[in-house]
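Visitor: Chains A and B supply the protein sequences, listed in that same order. In this text, residue positions in the first sequence follow this note's numbering: the first is 36, and each later residue adds one. In this text, residue positions in the second sequence follow this note's numbering: the first is 525, and each later residue adds one.
Please keep in mind that the hints were generated in silico from the structure rather than gathered at the bench. Given the structure is predicted, the values throughout are model-derived calculations rather than measurements. Any given hint might turn out to be false.
[Unchecked claim] Sample of chain A residues at the chain B side, in silico, Cβ under 7 Å:
hint : residue
1    : P43
2    : Q83
3    : G91
4    : F95
5    : P105
6    : T138
7    : F141
8    : G142
9    : E143
10   : G144
11   : T148
[To be verified] Label pairs and their computed distance ranges (CB to CB):
hint : chain 1 : residue 1 : chain 2 : residue 2 : range
12   : B       : S536      : A       : K48       : 34 to 42 Å
13   : B       : A602      : A       : F104      : 40 to 48 Å
14   : A       : N106      : B       : E541      : 29 to 37 Å
15   : A       : P43       : B       : V579      : 39 to 47 Å
[As the list claims (entries may be wrong)] Just a sample of chain B residues kept apart from chain A, beta carbon distances all over 10 Å, derived:
hint : residue
16   : S531
17   : Y546
18   : S555
19   : E565
20   : L585
21   : T586
22   : Q588
23   : P605
24   : D607
25   : T608
26   : G609
27   : G616
28   : G626
29   : Q627
30   : P635
Here a beta-carbon is modelled for each residue, glycine too, at the ideal position from N, C-alpha and C.
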Amino acid sequence: DAGVTQSPTHLIKTRGQHVTLRCSPISGHKSVSWYQQVLGQGPQFIFQYYEKEERGRGNFPDRFSARQFPNYSSELNVNALLLGDSALYLCASSLDPLVAGNTIYFGEGSWLTVV
Amino acid sequence: TQLLEQSPQFLSIQEGENLTVYCNSSSVFSSLQWYRQEPGEGPVLLVTVVTGGEVKKLKRLTFQFGDARKDSSLHITAAQPGDTGLYLCAAGGTSYGKLTFGQGTILTVHP
């Protein structure tokens with residue numbers, strides 16, 4: 036079975052541009068979450084979607100937005116890119132986020148470099 | 525806001541040595557996960573612990589969840605170069621699967 040898949044794997048953008056990152060969860064998983072990982076740090080939570088509704092949002096500016104589609108795939112959008120947005124963006128999926136011990140599986144991430 | 529503190533931040537050891545990584549917080553967690561991440565890849569789940577006092581073993585790795593569910597440790601016996609990587613602890617609350625990560629421990633095992 037395929038794991039969490041993300042695209043693109045690497046991309047370079049210029050300051051002020053917009054970027055869209057895509058994620059397909061593990062088959063059967065209805066929960067998708069997004070994390071930002073700056074080099075040398077642990078991932079920071081950005082968004083969580085369950086059953087196509089936003090269920091949680093981390094401490095990120097309104098330039099960051101996301102959505103989940105009927106097939107449970109998801110997009111993360113970032114507008115007006117800043118140099119500080121350069122990071123590894125991780126998508127994770129899980130089966131049932133309301134259950135204690137729910138296991139969260141990560142994709143390999145999308146490396147975004149803003150120049 | 526839940527805060528996880530991992531220690532040490534860096535660990536450089538020789539092959540065959542033992543090591544322990546700690547993950548501590550003042551908050552109580554419903555579950556705690558340990559991940560290993562290699563450069564350029566996403567975190568890979570090693571274990572999930574749910575019950576206070578729980579001990580889980582995965583080959584040479586031993587994971588322990590504190591009795592009060594506020595802390596955890598990862599012990600590696602006879603480390604090998606293939607163990608090299610970033611080890612992350614992450615706590616899951618009940619808020620729809622949001623994970624709070626520690627800052628990570630970078631482990632380097634020299635042959």
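Visitor: Just double-check G609 of chain B for me: nearest Cβ-Cβ distance to chain A has to come out over 10 Å.
Guide: holds, 13 Å
Visitor: Non-interface claim for Q627 of chain B: all C-beta distances to chain A beyond 10 Å?
Guide: Q627 of chain B is in fact no farther than 10 Å from some Cβ atom of chain A, at 5 Å.
Visitor: With a cut-off of 7 Å, does the beta carbon of G144 of chain A approach a beta carbon of chain B closely enough for the hint to hold?
Guide: holds, 5 Å
Visitor: Grab the minimum beta-carbon distance between P635 of chain B and chain A and tell me whether it stays above 10 Å.
Guide: holds, 24 Å
Visitor: Under the criterion of a CB-CB separation shorter than 7 Å, is Q83 of chain A in contact with chain B as hinted?
Guide: Holds: closest Cβ of chain B sits about 5 Å from Q83 of chain A, inside 7 Å.
Visitor: Over 10 Å to the closest beta carbon of chain A is the bar; see if P605 of chain B clears it.
Guide: Correct as stated: the minimum Cβ-Cβ distance to chain A is 21 Å, above 10 Å.
Visitor: Verify that the Cβ of S531 of chain B lies farther than 10 Å from every Cβ atom of chain A, and report whether the claim holds or is violated.
Guide: Label holds. Min Cβ-Cβ 13 Å, cutoff 10 Å.
Visitor: According to the definition I'm using, a residue is off the interface if its beta carbon is farther than 10 Å from all beta carbons of the partner; does G626 of chain B meet that for chain A?
Guide: violated, 6 Å
Visitor: Would the stated hint for T148 of chain A survive a check requiring a Cβ distance to chain B of less than 7 Å?
Guide: violated, 13 Å
Visitor: Against chain B, with CB atoms and a cut of 7 Å, does the hint on E143 of chain A hold up?
Guide: Holds, about 5 Å.
Visitor: Please check whether A602 of chain B and F104 of chain A have a Cβ separation lying inside 40 to 48 Å.
Guide: Given a distance of about 47 Å, which is inside 40 to 48 Å, the answer is holds.
Visitor: Would you say T608 of chain B is clear of chain A, with no C-beta pair closer than or equal to 10 Å?
Guide: At roughly 16 Å from the nearest Cβ of chain A, T608 of chain B sits farther out than 10 Å, so the non-interface label holds.
Checked against the numbered hints above, the structure breaks hints 1, 4, 5, 11, 14, 18, 19, 27, 28, 29 and satisfies the rest.
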